[in-house]
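Q: Sequence:
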Amino acid sequence: MNKNPNLKVIVTDLDGTLLNANHLIAPYTQAIFQELHQQGYILIVATGRHHLDAMQLTNALGIPLYLVTSNGARIHGPNQELLFTFDIASEAVAQLLALDIDPSITTVLFKEEFWYTNKENQKLNSFQKEMHYPYEIVDYPTLTNLSAIKILFVDEDHDKLLQLDHQIKALHSSIFETSFSLPICLEIMDKRVDKSFAIAKILELENSSFAETICFGDGFNDERMLLQAHKGLIMQNAQQTLKDKLHHLEVIGTNEEEAVAKYLETEVLCKVEKG
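Here the sequence shown is numbered in our numbering, starting from 2 and rising by one per residue.
Just so you know, the hints here were simulated from the structure itself, not pulled from any lab data. Among the clues, some could well be false.
[Unchecked claim] Capping the alpha-carbon separation at 27 Å, the derived lysine-lysine pairs in DSSO-like fashion look like this:
| # | residue 1 | residue 2 |
| --- | --- | --- |
| 1 | 9 | 202 |
| 2 | 244 | 170 |
| 3 | 202 | 161 |
| 4 | 263 | 9 |
| 5 | 120 | 202 |
| 6 | 170 | 192 |
| 7 | 232 | 161 |
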């Protein structure tokens, strides 16, 4: 029997949430999610990562789940079938790249099979233990097709990214939504899609709703899903500004402590009686 009869759906972010410090899903977390699957919960991983990258990580769980990637621009089903796709138009990306962007900032465009970048960035590369989603260094002004699944700006100096964020928000009739998944990562999406938009599509397919959902996250790209969930939980290692803004939500432990799995084992999973 479900320990929480009104709870049917578990949603979690990856980086800073389900993944450990080595950007992997640890064995204890794998075991808990396998038990959640056995007990009939609908499982959704919602991440800013590209689907090729995210699939390699979530395959470690060894269970069927829904995968929301690129902050909602792609949805894949339990058999890794593509259910929804959305790209930012080339003209809109060109408008964004025409801004006065500090040349030290790494600019990334997520494409379908690879990603474009204006420079090598070892910090960014470290998020992939194996290069399942390869990159290509390009000179953006020479490209004719700039359509992208998502746009990402990376820099160790958060203030530089804040200045760029202000520039983007000042664009007349901007179609872009900006969020900091990490202080060093400014993510750009089309306003028409985000994680909560994609999760709502999955919930509709499953005849469910956010009222039956628990969500875990650590970044501003998780904000809407955390607010819409029946219960939203924030990681201790989340940005302090996010914790301050969503101060009414419960804060659990860190990703390094596998706090998501510990919470689910204690508060969600039914104990199996042994005869």
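Q: Does residue 170 lie within 27 Å of residue 244 when you go C-alpha to C-alpha?
A: Holds - the C-alpha atoms of residue 170 and residue 244 are around 23 Å apart, at most 27 Å.
Q: Tell me if the straight-line CA distance from residue 170 to residue 192 falls inside 27 Å.
A: The given pair, whose Cα atoms are some 12 Å apart, holds under the 27 Å limit.
Q: For residue 263 and residue 9, compute the direct alpha-carbon distance and say whether it is at most 27 Å.
A: Holds. Residue 263 to residue 9 sits at ~18 Å (cutoff 27 Å).
Q: Holds or violated: residue 9 with residue 202, Cα cutoff 27 Å?
A: Within the cut-off at roughly 15 Å; holds.
Q: Would you check the hint for residue 120 and residue 202, treating anything up to 27 Å between C-alpha atoms as holding?
A: Given pair residue 120, residue 202 is violated - Cα atoms ~36 Å apart, limit 27 Å.
Q: For the pair supplied as a hint, residue 232 and residue 161, confirm whether the alpha-carbon distance does not exceed 27 Å.
A: Status violated; Cα separation ~34 Å.
Q: Is the straight-line distance between the alpha-carbon of residue 202 and that of residue 161 27 Å or less?
A: 35 Å, violated
Consistency note: the structure conflicts with the earlier hints numbered 3, 5, 7.
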